[in-house]
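Make the complex out of the two chains shown on their own, each in a separate frame, by following the hints.
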Amino acid sequence: MDKLDIVKSRATVIFKDNIDTDILIPKNYLKSTKRTGFADALFAPWRYDETGQPVEDFPLNQEVNKGNQILIAGENFGCGSSREHAAWALQDFGFKVVIAGSYSPIFYMNYLNNLKLPLVLGRAEREALIDANTEITVNLIDKTVRSGDLCFAFEIENVYREKLLKGQDGVEEILQYIDLIEEHEKKYGK
Amino acid sequence: MQKTLFDKIWEKHVIVTKDDKDLLYIDLHLIHEVTSPQAFEGLRLKNRKLRRPDRTFATMDHNTPTIAAHRAEITDQLSAEQLNSLAANCAEFGVTLFDMDSEYNGIVHMIGPELGLSLPGKTIVCGDSHTATHGALGALAFGIGTSEVEDVFATQCMWQTKPKTMGVKITGKPAENIFAKDIILKLIAENGVSFGTGYAIEYYGDTIENMPVEERLSLCNMSIEGGAKFGIIKPDQKTLDYIEGRLYTPKGEEFEKFKASISDLYTDDESLFDKIITLDVTDLKPQVSYGTNPAMTVDIDQAFPEIKSPEDQTAYQYMGLKPGMKAADIPVEFVFIGSCTNGRITDLRIAAKVMEDKTIADNITCVVVPGSMQVLKQAEQEGLVDIFERAGCEMRMPGCSYCLAMNEDRIAPETHCASTSNRNFEGRQGDRSRTHLMSPYLAAKTAIEGRISLG
Numbered sequence: 001m002d003k004l005d006i007v008k009s010r011a012t013v014i015f016k017d018n019i020d021t022d023i024l025i026p027k028n029y030l031k032s033t034k035r036t037g038f039a040d041a042l043f044a045p046w047r048y049d050e051t052g053q054p055v056e057d058f059p060l061n062q063e064v065n066k067g068n069q070i071l072i073a074g075e076n077f078g079c080g081s082s083r084e085h086a087a088w089a090l091q092d093f094g095f096k097v098v099i100a101g102s103y104s105p106i107f108y109m110n111y112l113n114n115l116k117l118p119l120v121l122g123r124a125e126r127e128a129l130i131d132a133n134t135e136i137t138v139n140l141i142d143k144t145v146r147s148g149d150l151c152f153a154f155e156i157e158n159v160y161r162e163k164l165l166k167g168q169d170g171v172e173e174i175l176q177y178i179d180l181i182e183e184h185e186k187k188y189g190k
Numbered sequence: 001m002q003k004t005l006f007d008k009i010w011e012k013h014v015i016v017t018k019d020d021k022d023l024l025y026i027d028l029h030l031i032h033e034v035t036s037p038q039a040f041e042g043l044r045l046k047n048r049k050l051r052r053p054d055r056t057f058a059t060m061d062h063n064t065p066t067i068a069a070h071r072a073e074i075t076d077q078l079s080a081e082q083l084n085s086l087a088a089n090c091a092e093f094g095v096t097l098f099d100m101d102s103e104y105n106g107i108v109h110m111i112g113p114e115l116g117l118s119l120p121g122k123t124i125v126c127g128d129s130h131t132a133t134h135g136a137l138g139a140l141a142f143g144i145g146t147s148e149v150e151d152v153f154a155t156q157c158m159w160q161t162k163p164k165t166m167g168v169k170i171t172g173k174p175a176e177n178i179f180a181k182d183i184i185l186k187l188i189a190e191n192g193v194s195f196g197t198g199y200a201i202e203y204y205g206d207t208i209e210n211m212p213v214e215e216r217l218s219l220c221n222m223s224i225e226g227g228a229k230f231g232i233i234k235p236d237q238k239t240l241d242y243i244e245g246r247l248y249t250p251k252g253e254e255f256e257k258f259k260a261s262i263s264d265l266y267t268d269d270e271s272l273f274d275k276i277i278t279l280d281v282t283d284l285k286p287q288v289s290y291g292t293n294p295a296m297t298v299d300i301d302q303a304f305p306e307i308k309s310p311e312d313q314t315a316y317q318y319m320g321l322k323p324g325m326k327a328a329d330i331p332v333e334f335v336f337i338g339s340c341t342n343g344r345i346t347d348l349r350i351a352a353k354v355m356e357d358k359t360i361a362d363n364i365t366c367v368v369v370p371g372s373m374q375v376l377k378q379a380e381q382e383g384l385v386d387i388f389e390r391a392g393c394e395m396r397m398p399g400c401s402y403c404l405a406m407n408e409d410r411i412a413p414e415t416h417c418a419s420t421s422n423r424n425f426e427g428r429q430g431d432r433s434r435t436h437l438m439s440p441y442l443a444a445k446t447a448i449e450g451r452i453s454l455g
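From first to last, the protein sequence lines stand for chains Z and W.
Numbering-wise, the numbering used here puts 14 at position 14 of the first sequence, and it's gapless, one number per residue.
Numbering-wise, the numbering used here puts 342 at position 342 of the second sequence, and it's gapless, one number per residue.
By construction, these hints were calculated from the structure, which means they are not laboratory data.
The structure presented is a predicted model; accordingly, all values stated were derived computationally and were not measured.
A hint or two may mislead.
Said to hold, decoys possible - Simulated pairs of lysine-lysine, DSS-like, Cα-Cα distance not exceeding 30 Å:
| id | chain 1 | residue 1 | chain 2 | residue 2 |
| --- | --- | --- | --- | --- |
| 1 | W | K46 | Z | K3 |
| 2 | W | K173 | Z | K187 |
| 3 | Z | K186 | W | K3 |
Unchecked claim - Which chain W residues stay away from chain Z? Per the calculated CB distances, all over 12 Å, these:
| id | residue |
| --- | --- |
| 4 | M1 |
| 5 | Q2 |
| 6 | R52 |
| 7 | A68 |
| 8 | F93 |
| 9 | Y104 |
| 10 | K173 |
| 11 | G198 |
| 12 | K275 |
| 13 | G324 |
| 14 | A361 |
| 15 | G450 |
Stated by the list, open to error - A short, non-exhaustive set of chain W residues, derived as facing chain Z with CB atoms under 10 Å:
| id | residue |
| --- | --- |
| 16 | V16 |
| 17 | D27 |
| 18 | S147 |
| 19 | M158 |
| 20 | A260 |
| 21 | N293 |
| 22 | P310 |
| 23 | D431 |
By construction, the Cβ of each residue, glycine as well, lies at the ideal position given by its N, Cα and C atoms.
For reference, chain W alone in the conformation it holds in the complex (with noise of 0.2 Å):
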């Protein structure tokens, strides 16, 4: 019977079904500080044992100061608990922890990915909303909640009710300063927050066939904005390539084992999909949002649309923005570049190429947070730290950051940033911040131009 990737991948981990529901194997289970404290205590108040220690890895991401001086003594009495208790509960159950002082820390999103944990064929999970980054590298990803980290600590297992599937196909060639920021973007400005909803969506398409992994993993990671917990990529020649070598990626014979199990993984037939959508970036314009969710975003050359709901009304009075006016109005002030959605070293090279012998402009600071300490080496060896030092700006240890605000990084109340982060609620960079999502590319050239401009 023909099958999609999704389908193929979800059959062959399902347990048991009970009426709508499915009893689903997990291969791998990330967790970082805010979302599992609740968890293990559940497990030690029922006297339960974390069930594969093995299969379960840890991170410290989104409390943790990113000044290096800041990191050895947390001032924040109550992050460095949650921090503390992170590392004594992975002591207690026996789970191997990327804690602060780790070459392989970063964000949860990052490491996976990096360190060969996250492969094709798996199921993955997290506490953690933006878990379908993993999904672009063929695997079953998804955000779950604190109950469902504890159903999978006890029991390696959870019910989901299985999603509808929806294929997005993404056609052309993009012009060189698009990215996949832009195109996850547009597909929301278009589509809706919620137009995947109780879907999985599969990203297809000969612009998906080119893409590089990193930029796929760019894509996946803001399904979630779309309504979609999954978004998935057919494995290819480019996904092996970047897997093979990695950490915990198998090696010699065991890739080659690894290589043949994972063949039969693609959609037989795109008809198979509940649903399709479709884009064509061949003429897409670099991507802006003006309001306070993701599909409130624009065109950098169109005017800010009417207002046609009481949200819209809101949005706009929030923002302190008006209808008519256009990106390059915006009186930005701040750069962040970095989050789990643009955080790579890829991200980091189309930023320093931007930045390359320019300073920034004087109305602005700009501040560089790498996704991971192997980005911050990679980025250190290949002289984009220099580049972005000399042209003024801070850079930063990896960890969330200003793309959540939950440690010191915040943006100051009515400030606009642009942010190649995912998210621009109200709120999300610090109390009555003004959160611009855009791609590394923009965000550089926003620095360089001092406005929302390609100069």
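Only chain Z is shown next, with the shape it has when bound in the complex (with noise of 0.2 Å):
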């Protein structure tokens, strides 16, 4: 997977709360066996009609959001379900950041464990952001978000920051410690 460290795009807006991932990615769409192929089925409910053409105000289907890498939200993103599809709808459909107020934890992982990045900003910094309405520059590496005169600094967990930076495996990063691993289960028996 590749590593992340600048994103440079303009935003598209869903600032809406609780945002769960029913609404990001629907069962129906949760049969496949492949990590791939979820472009189409993001944001499904609110993306097409009842006769599945898409809305044509919303703003995936947009025009003027063709491309854009970034997707700003609410508070508590990625609520409910577990199902990782949702991480990976929204890296197929290309959003490789998306700027909330707050995240569900396991969709936080999610996101995270595909090598996407779950900011963390405060309502008036996303409003701003919102409002200056160009590109922005999210900057892993020096922990800022950059859109015209508008600076902001995020926080994000040192070792995540590391792993996006670096474009770690998950399994081989854990595998390093397999002798600690033996010793846990040689010590807690079976």
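Printed below as a string of structure tokens:
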């Protein structure tokens, strides 16, 4: 997987709280046994009408938002089901960064584990970015978000920052400690 | 040093600490057909083994038909493929699978406790957000994503940042018609859908001490609906009585040893919690959700609140309801009794007691889906199935069913469903379906009365 350090893009804005994973990708798209192919499913309940046609004014369908790699949302993003398909759908659609006020803990890890950035910014900062309505530069190296004259610092756990910057494979990272794992298994029996 | 119950179990499972995250050893990994195929594929691509097949158990639940005749041949090709690939993957990697023909088949969060796999002091993960259910037995249990499923497959470990701890103190003796479901819905209604984000919740207090284990499982089950990945309850004599003698529970002398090994599993002092919230359930009324997230919940006799945000506006519009209406005004047509929240034998007993010698209202379709084959068998033996069928309910085979509507069990568009499940999100029970969360007691009453009412 590709590492992530700097992302430059305009943002698509779906500024709602509690966007749950049933909205990000409904269950009828979960029957795949693959990790890819979910781009068309992203936000399906809001993106398509009852006949399956795109809803014109929904942000993902607007021409102006085409190719955006950043999504700005509200609080408690990705709540509900643990389905990693939500992270895969965002990734397949092209979103490398989500900027929200807070995340559901399971989604947060799922997005990171696909080497994508769940970035936390306060409401005022997100509103300023939305008002600026121009290209945003997310820089994971110096932990800043810039857009026009705006510059906001953000926080992220150091280990996850490192993981994204290096593009680390999860299992490899754990296997470094295989001796300690075996020791634990011996100590606590089978 | 004094510690919380959560910290005691956590620390025993830390392999190594790296900056702000710990590598945790996982004692039990439960899997199902929806969130595991990509993880198995990951192992194959990198030519890796599944490290501990003996600590990994699989069931089929999310996709499985609940109509008996449909289980033999599944017509939905994608569902069939997902189920078949689970069977093939389990065979290839040596994992025990409780498939649809197994007497131990059931929803993943039913079978763990039921079979004595989920035990106090263990770390338990599953690719499903309702895994906190198992925390009711004093285990550290949490939902994970598929990348993490693959990590655990390959290494039996995964990275986690240790959450803060929150004590949720429940006090008072609730009325007879009040259950764990009402308590968790009230907690979420009062504190919001993300009050637990970043925390592991320990439920305690006299109400919890007096609560049967099955009810504790329902309570912990919905921790994620309040934002918390973990919900845990101190193991006590009730817990020991519950786990003893189950299929995988240690037996005889081993059980005595096991009991000794968990004797320190309690929080030394409540002042150790990073935060405490309280709820007195003495006067708690039955709870009903009216909106599109679990915090949009009111007392049964309370008017739905005014619109305060665009989210409220959207929710009312979606549900076809208005502020000022009450639960009894909802035109309910469907009642679903089941799910990992309320598909246990105790839940079916509660519902059957309400329905005994009665028939469901003409405007209602009521479907009862037991959480597992064991529950179904027990319900048959106790005569509960007869009670449901005589009342006019449809009795089904076990599975997740109408809770997430991934199989053929779906609520029709704009139909209001009184449901014992855990989520009332848009489209959760089927396209444009309208869910009202409640206890099995109130769901059964609703079926009889034809509207949400205690009668």
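Quick rundown of the hints versus the structure:
Between K46/W and K3/Z the CA atoms are separated by roughly 19 Å; this keeps the pair inside 30 Å, and the hint holds. Taken as a hint, the K173/W and K187/Z pair is broken in the structure, with Cα atoms around 43 Å apart against an allowance of 30 Å. Proximity of K186/Z to K3/W is assessed by CA-CA distance (about 25 Å); at most 30 Å being required, the pair is judged to hold. Under the 12 Å C-beta cut-off, the non-interface status given to M1/W relative to chain Z holds; the minimum distance is some 21 Å.
Look at Q2/W: its CB is around 23 Å from the nearest CB on chain Z, clear of 12 Å, so calling it non-interface holds up. Against chain Z, the non-interface label of R52/W is violated: not every CB pair exceeds 12 Å, the least being about 8 Å. At roughly 22 Å from the closest C-beta of chain Z, the C-beta of A68/W stays outside 12 Å, upholding its exclusion from the interface. Every CB of chain Z lies more than 12 Å from the CB of F93/W, the least distance being 15 Å, so the non-interface label holds.
Non-interface call for Y104/W relative to chain Z: holds, since the shortest CB-CB distance, roughly 21 Å, exceeds 12 Å. For K173/W, the requirement that its beta carbon stay farther than 12 Å from each beta carbon of chain Z is met, with the minimum near 33 Å. Against the 12 Å criterion, G198/W falls within the reach of chain Z, whose nearest CB is about 7 Å from its own CB. Distance check on K275/W: its Cβ is at least 16 Å (rounded) from any Cβ of chain Z, clearing the 12 Å threshold; non-interface status holds.
Chain Z leaves G324/W outside its interface by the beta-carbon criterion, the shortest separation being 23 Å against a cut-off of 12 Å. At roughly 30 Å, the least C-beta separation between A361/W and chain Z is larger than 12 Å, which holds for a residue marked as non-interface. With a minimum CB-CB distance of about 29 Å to chain Z, G450/W clears the 12 Å threshold, and the non-interface call stands. With 10 Å as the threshold, the beta carbon of V16/W comes within range of chain Z, its nearest partner Cβ sitting at about 5 Å, so the hint holds.
Below 10 Å, beta-carbon pairs count as interface contacts, and D27/W has one with chain Z at about 8 Å; its hint therefore holds. At a threshold of 10 Å, the smallest CB-CB gap from S147/W to chain Z is about 4 Å, leaving the interface hint in force. For M158/W, the interface hint holds, since its Cβ comes within 10 Å of a Cβ in chain Z; the closest pair sits about 7 Å apart. Checking A260/W against chain Z by beta carbon gives a least distance of about 14 Å; that is not within 10 Å, so the hint is violated.
Satisfaction of the interface hint for N293/W is found here, the shortest Cβ-Cβ separation to chain Z being roughly 6 Å, below the 10 Å cut-off. Annotation: interface hint on P310/W holds; nearest CB of chain Z at approximately 7 Å, less than 10 Å. For D431/W, the suggested interface contact is upheld, since its CB lies about 8 Å from the closest CB of chain Z, less than 10 Å.
Taken one by one, the earlier hints fail for this structure at numbers 2, 6, 11 and 20, listed in ascending order.
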